[in-house]
Amino acid sequence: MTELKHYFAPTSLDQAVECLKDGDVTILAGGTDLTPQSQAGRLKIKHTLMNIRHIPQLSGITLEGKEIRIGTLTTITEIMQHPLIRQHLPVLADACDHFASDQIRNAATLGGNICNASPAGDTLIPLLVLDASVELASMPEAKLYRHSMPLSTFFVGPGKTRRSLCELVTCIRIPLPAEGHVARFHKLGTRPALDISTISIGIAGTLKAGILSNVRVAFGAVAPTPVRASQTEKALEGQRLDAATIEKAAEVAHNEVKPIDDVRASAWYRKEMIHNITKRILSHVAQA
Amino acid sequence: MSLKHDIEFTLNGVKRRVTVDVTMTALAMLRDVIGLTGTKYGCGEGECGACTIQVDGMSLNSCLMFAVDCDGRNVTTIEGLANDSKADALREAFVEHGAVQCGFCTPGMIMQADHLVRNECCGDTESIKRGIEGNLCRCTGYKKIVDAIASVSGAQN
Ligand SMILES: Cc1cc2nc3c(=O)[nH]c(=O)nc-3n(C[C@H](O)[C@H](O)[C@H](O)COP(=O)(O)OP(=O)(O)OC[C@H]3O[C@@H](n4cnc5c(N)ncnc54)[C@H](O)[C@@H]3O)c2cc1C
Ligand code: FES
Ligand code: FES
Chain A
6 MTELKHYFAP TSLDQAVECL KDGDVTILAG GTDLTPQSQA GRLKIKHTLM NIRHIPQLSG
66 ITLEGKEIRI GTLTTITEIM QHPLIRQHLP VLADACDHFA SDQIRNAATL GGNICNASPA
126 GDTLIPLLVL DASVELASMP EAKLYRHSMP LSTFFVGPGK TRRSLCELVT CIRIPLPAEG
186 HVARFHKLGT RPALDISTIS IGIAGTLKAG ILSNVRVAFG AVAPTPVRAS QTEKALEGQR
246 LDAATIEKAA EVAHNEVKPI DDVRASAWYR KEMIHNITKR ILSHVAQA
Chain B
2 MSLKHDIEFT LNGVKRRVTV DVTMTALAML RDVIGLTGTK YGCGEGECGA CTIQVDGMSL
62 NSCLMFAVDC DGRNVTTIEG LANDSKADAL REAFVEHGAV QCGFCTPGMI MQADHLVRNE
122 CCGDTESIKR GIEGNLCRCT GYKKIVDAIA SVSGAQN
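Sequence order for the protein chains is A and B. Its first residue numbered 6, the first sequence is counted upward by one per residue in the numbering used here. Its first residue numbered 2, the second sequence is counted upward by one per residue in the numbering used here.
Pulled out of the complex, with its shape left as it was, chain B reads as follows (with noise of 0.2 Å):
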């Protein structure tokens, strides 16, 4: 039998409760005992940046880290930036360059997107392409990416 653990932390906004496996990853924990599907796996290595979520405000990739650690702290997902006026801003520049295709990488590129912008990190489009170095899209080629994020961050060149 794994061991099990209980654990409370904000879930975009609201506090919950979840019994986890203590070896599961927190990206499991969101999918499969939550059921908030938003956050994708794309590699469960740190390669591919679909994970990333924002805890206690800094992006990380929720495969890389231990659901148990999740306890006592903030976590926002995809789903907790739906009612975000700034991510509202995002996401329909997303839409307005192209910036999405096939979608899958959408969710993490947002997540990152969205805390470069709230930290202030994009200013010109070099710092955005550094930004997102952690997030592979297989389709856009990343150009309508990083000129969605510059609209709304308003870099310059």
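This is chain A alone, in the form it adopts within the complex (with noise of 0.2 Å):
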């Protein structure tokens, strides 16, 4: 790897691609996670230092057809506070009230959250439970190029994504929910501010006539990656949510996830927290 050589504030999304060519570049966004990371050497600020905030088309909330689309550059209070994220998307907000600060929120990024791919970043839960999809620009010629993949498949571990050196997150894609859909986060933590998640956890599905199904469960900060909860959803799907289903989707939500010991919490602790707050989730929503 070479040392920094050059800064580029490119205005469009042609030089940003064109310029990310030779991969040697580091994308500079709202800059929460780069500024600690770089001052603290430890991370590496590679040739390139690009700063993608001038760039129009990456900003911005937008409802396309039958998607909300969410640019990278969004902002979590952005997100909060936008009415089509209200309205449509309340879990997103919900987990966007629940982020670092006010001073953090105004400054970071969606694509910032996604990319730094902390098993406890606090939007990827949502993110997962609603499905979203996150769409990649590229010039592998001389055209730029996109494609999109499912946020379920993006994370590969702590820091690791599926993205290529290549390639810039340019948005979020969000299938708009469906009729009785239903979607719960919870973040906890230490305490209210400031806090990374001890462990999260994001439920949705469709709720009809008390039966759930398109079930989604995901976990923050019990693996190495935000996951999916496949066999709590399997617990869960086209269930009626009473007393005995939502016991017995706590205790396989228990033996699902693998915790690591560290600094906030022990295995136990996290393990014992997935199946009481599963528990409290689903309560909630039987009587939602």
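You may find that some hints are simply not true.
[What the hints assert, rightly or not] To list a few chain B residues with every Cβ distance to chain A over 12 Å, as calculated: (1) Thr11; (2) Lys16; (3) Arg17; (4) Leu37; (5) Leu82; (6) Ser86; (7) His98; (8) Cys103; (9) Gly124; (10) Thr126; (11) Ala156.
[To be verified] Once the Cα atoms are required to be at most 20 Å apart in a straight line, the calculated EDC-like pairs of lysine to aspartate or glutamate come out as: (12) B:Lys5 / A:Asp29; (13) A:Lys51 / A:Glu8; (14) A:Lys49 / B:Glu46; (15) B:Lys145 / B:Glu134.
Treat the hints as calculated values from the structure; they're not laboratory data. The beta carbon of each residue, even a glycine, is placed where N, CA and C say it ideally should be.
Grab the two chains, each in its own frame, and use the hints to assemble them into the complex.
This is the structure:
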């Protein structure tokens, strides 16, 4: 890896992906991860530092057909306050409300949260249960090329994603939830503000006449990446949300996660909390 | 040699041109390059809020921002609030309520409070408390700070 030699602030998407061609580029968005990581020497900035702030196509929240598009540069504050999000995706607004502090929410971008790929990233759990996909742009030949992948396949390890070095995340797309859609997020930490999740849970599905279907369950901070919990989803799919189903699902969740001991909590505590909070969320959903 | 870059931005209402290290934070630029030391360095990692400034009308931690990212933007620091009637009211309220003891957190606290008042984000004391979650104070125990902001925003309970 070479030393930092170049600063570039493109004003168009074409310029940005052209610059990414050789891959030796560090992308700067809001900087709330990059600044402390580079100042502390945990991250070395590559040959080029590319600031994407001045590319207009990367901002904004819009309804496009049956999807909501959130530009990668959209801040956590913008998401939390936007009428489209509050109306259609309240679970995402709720997760943003539990994010860091006002100052950090004003600077941190959604794309930065995704690309930083922390197992405890707060937007990742609601995005997973909302079936979000990530759009990436690159310039393999002379033309701009875009492709999408489901967020559920995007993460490969702490700080590691399937984004190639030549790609830029441009936006997140989320299908409009169907009638009867319910979704909940819970972040467990030791204090209300500026806390990294000890665990977090997202649960979503369609609730009709007491039956939950299209179930999505995701857990944060219990594995090297944010994860979908397929066994817990199976235990709930098509079931009536009664006390027996809820207890069974909470037990499956408890056995499904394989967390580690770290400074924030022991693996034992994390498993207990996954059980208890899964149960609590499902009980709330049953009463909704 | 560290890489340098020229940037141009509006600082407290005045156009500035500065040459900065590309890897430098906005906080280091304000204090060490420009010489405005009202903005404080507390933790350097986003936890304490002593470095709070406003950029394009939003409050943020200058220790979590690259200096080069100020290019083309509108930056306000505590020095920029010196002749501002809204901020005068906050400053007087802080003094009146005893919300300043050692004073280290005060510039960041005022920058954040000013952002909350301007955006009408403090209709009640609960929203004031939430609004200053990113600002630590080791002296006052926060009550006096919340009271001071409430007296300006007209917040009830
Ligand atoms: C004190 C503190 C508290 C925090 N609290 C929380 C919290 O409660 N919850 C939480 O989830 N996070 C938290 N964070 C982490 C951080 O604020 C978020 O991850 C934030 O969303 C990162 O966004 P950014 O725009 O600041 O990213 P940046 O720092 O600009 O970038 C982050 C990473 O993503 C890459 N990147 C950014 N945009 C793109 C793109 N479009 N394409 C490709 N790569 C890209 C960058 O190269 C970099 O590697 C906290 C951080 C701090 C310092
Ligand atoms: S110095 Fe920036 S938050 Fe503490
Ligand atoms: S007055 Fe001393 S830190 Fe707040």
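Evaluated hints:
The Cβ of B:Thr11 lies farther than 12 Å from every Cβ of chain A, with a closest approach of about 16 Å, so its non-interface assignment holds. The claim that B:Lys16 lies off the interface holds: its Cβ sits roughly 18 Å from the closest Cβ of chain A, which is beyond the 12 Å cut-off. Annotated as non-interface, B:Arg17 keeps its C-beta farther than 12 Å from every C-beta of chain A; the closest such distance is 17 Å. Residue-level check passed: B:Leu37 sits 18 Å from the nearest beta carbon of chain A, beyond 12 Å.
The beta carbon of B:Leu82 is kept farther than 12 Å from every beta carbon of chain A, the shortest such distance being approximately 16 Å. Every beta carbon of chain A lies more than 12 Å from that of B:Ser86, the smallest distance being close to 23 Å; the non-interface claim holds. Residue placement check: B:His98 keeps its beta carbon more than 12 Å from all beta carbons of chain A (closest about 21 Å). Separation of B:Cys103 from chain A is adequate, the least Cβ-Cβ distance of about 21 Å exceeding the 12 Å criterion.
The claim that B:Gly124 is not at the interface with chain A holds, since no C-beta of that chain comes within 12 Å of its own (minimum 15 Å). Against the 12 Å criterion, B:Thr126 stays outside the reach of chain A, whose nearest CB is about 15 Å from its own CB. Every CB of chain A is more than 12 Å from the CB of B:Ala156 (nearest about 16 Å), matching its label as outside the interface. Between B:Lys5 and A:Asp29 the alpha-carbon distance is near 19 Å, which keeps this suggested pair within the 20 Å criterion.
Using a Cα cut-off of 20 Å, the hinted pair A:Lys51 and A:Glu8 holds, with the two alpha carbons roughly 6 Å apart. With a CA separation close to 17 Å, the supplied pair A:Lys49 and B:Glu46 stays within the 20 Å bound. Only pairs whose Cα atoms come within 20 Å are accepted, and B:Lys145 paired with B:Glu134 is accepted, the gap being roughly 15 Å.
Comparing the model with each numbered hint stated earlier shows that all of them hold.
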